[in-house]
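Given only the sequences and the hints, what does the whole structure look like? Please build it.
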Amino acid sequence: MRLGRLPASRRVYLSREEFAGRHGARPADLEAVRRFARENDLAVGQVSVGGRTVRLAGSAGTVGRVFGIELERWRSPAGSYRTWAGRITLPEALEGAVVAVLGLDDRPLAKPHFRRRASPGPAEVSYAPPTIAAAYDFPPGTTGAGQTIAILELGGGFFPQDLAAYFAELGVAAPSVVAVSVDGATNAPTGNPDGSDAEVELDIEVAGSVAAGAEIVVYFAPNTDSGFLDGVTQALHDPVHRPSILSISWGGPESTWPAGARDALNAACEDAAVMGVSILVAAGDDGATDGVAGGALTVDFPASSPYVTACGGTRLTLRGTTIVGETVWNELASGEGATGGGVSEAFPLPSFQAGVGVPEAPDGYAGRGVPDVAGDADPTTGYRVRVDGRSTVVGGTSAVAPLWAALVARLNQALETPAGFLNPRLYSLQGRATFHDITRGGNGGYAAAPGWDPCTGWGSPDGARLLESLRAPASSGSATAGGSRPERAVGTTAPDRPPRPTRRRTSSVGTTRGAEAHAGPREGSGT
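Numbering-wise (the working numbering), the sequence shown opens with residue 38 and increments by one.
You may find that some hints are simply not true.
Stated by the list, open to error - Estimated spans, in silico, between C-beta atoms of each pair:
1) Glu132 with Arg102: 12 to 22 Å
2) Gln83 with Trp111: 38 to 48 Å
3) Glu132 with Thr476: 43 to 53 Å
4) Ser213 with Gly357: 25 to 35 Å
5) Gly105 with Gly133: 10 to 20 Å
6) Tyr402 with Ala182: 38 to 48 Å
7) Gly331 with Thr223: 30 to 40 Å
8) Glu161 with Asp275: 31 to 41 Å
9) Val215 with Gly82: 21 to 31 Å
10) Ala330 with Ala370: 11 to 21 Å
11) Ala130 with Pro177: 51 to 61 Å
12) Glu161 with Ser52: 27 to 37 Å
If you're looking for bench data, these hints aren't it; they were derived computationally from the structure.
The structure displayed is predicted, hence computed values, not measured ones.
Using N, Cα and C, we set each Cβ at its ideal position, and we do this for glycine too.
Given below as structure tokens:
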């Protein structure tokens, strides 16, 4: 069915419990993984039915023998890491039950997408996040009350005294901020304002100051393929905090992700769409090449997943809270980055992007276009924040993801229901009218143009108009839901006809101390 035709009030999503019951790992598949572990001297750890993960543990020698590989330890300028040689093999009994093996390689897979401003020049300005929200006309009278925003972090941490001082300086009520540990990672600030602490505190301070009524839950996970996936799935299936929004400001070039890890994370994002969780992801800060050596054009992942709303960057000029100019963010000439954007070579063109002018990918593939939306990201017009006890100005698409997350929290409050998977509505006729179209500038590989473009998507938001779009029935011309599979609906008009994933779900096997297998259900399976 066409999700874009439904106003938010008529969308029905599966709860976490319903999802686990209908689309979680099959009991037979989980038992097959447990039997495999018992027969091969592997210990079974945490099992998540909804997330379809089974964590296994064993010595390096045992793991290597079981999977037919050789684990190796390497050193690089970035530090020591574990990887493996050979080809992973699984017994026939696990075929169809396990569809990815993760965690055997513990190299950092993603980087934060923030840019601290260099020494300020005479033409540079900075804004408090609430000022930017006001310029983008976030729905008045809303604070995100009753909503929970999840933020994924893969390193660093925050100091509570920084947050208290920051919100007091802004005159904004400090939101509730909770840290959740994933796979042993914790809130661990380093005291280095140029490191991951800047990402963590930027995310919290932007989301918290713009949606002060929302609860902020920060999921700290290891920066590995299994850690990234586990951070996302733990947030999506958290039975305590139950977030309806997930903000991700980390990623890496699509081509650097192992296919299994990429597919596993994309499948988790698809789950979020079924459960009505909006995922906002930074599109990257290195222009159209995403920082890849050699200058080939590529996009950032997970921003390129068709089940997330990818957030690009602009340069915003205000007079008070009135927009007087907005262009594509591009400071490549001065070494201060540019918005990511382009065309995926891994994910096909989603049905909701049909007809909007997405160009071919560099290899000629008809791929998913990135980004979907945008917001202020240029560090020369950046966000005033506090990091490791110091006031500073930070930009990057890392700021846009939590800004949009805060907007969605305020939309959810006004709608009294989750907005859920945004993209079908954003690409509907009403959705296209809710943006400030950015038509000037480029990102080093693509140029802005009227309508959607691979620099800023549809543009920066008009929050009040977006709220009205989400309330109204869609007119003809709405795009179908479900990304690259138009037959798949992510919402339904009646609870007795829930949406069903149409593909087998991913599995992963994690580190030698906490290996993880994701059991994949078949169509219509459940526990």
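Quick rundown of the hints versus the structure:
1. Glu132 with Arg102: 12 to 22 Å: Holds, since Glu132 and Arg102 (Cβ atoms, about 19 Å apart) stay within the stated range.
2. Gln83 with Trp111: 38 to 48 Å: Violated, since Gln83 and Trp111 (Cβ atoms, about 28 Å apart) do not stay within the stated range.
3. Glu132 with Thr476: 43 to 53 Å: Holds, since Glu132 and Thr476 (Cβ atoms, about 51 Å apart) stay within the stated range.
4. Ser213 with Gly357: 25 to 35 Å: The hint (25 to 35 Å, Cβ to Cβ) holds, given that Ser213 and Gly357 are roughly 31 Å apart.
5. Gly105 with Gly133: 10 to 20 Å: holds, 19 Å
6. Tyr402 with Ala182: 38 to 48 Å: holds, 44 Å
7. Gly331 with Thr223: 30 to 40 Å: This hint holds: roughly 37 Å between Cβ atoms.
8. Glu161 with Asp275: 31 to 41 Å: holds, 40 Å
9. Val215 with Gly82: 21 to 31 Å: Holds, at about 24 Å.
10. Ala330 with Ala370: 11 to 21 Å: Given about 19 Å between the Cβ atoms, the range holds.
11. Ala130 with Pro177: 51 to 61 Å: Since Ala130 and Pro177 have Cβ atoms about 59 Å apart, the given range 51 to 61 Å holds.
12. Glu161 with Ser52: 27 to 37 Å: With a Cβ separation near 47 Å, Glu161 and Ser52 fall outside 27 to 37 Å, so the hint is violated.
Checked against the numbered hints above, the structure breaks hints 2 and 12 and satisfies the rest.
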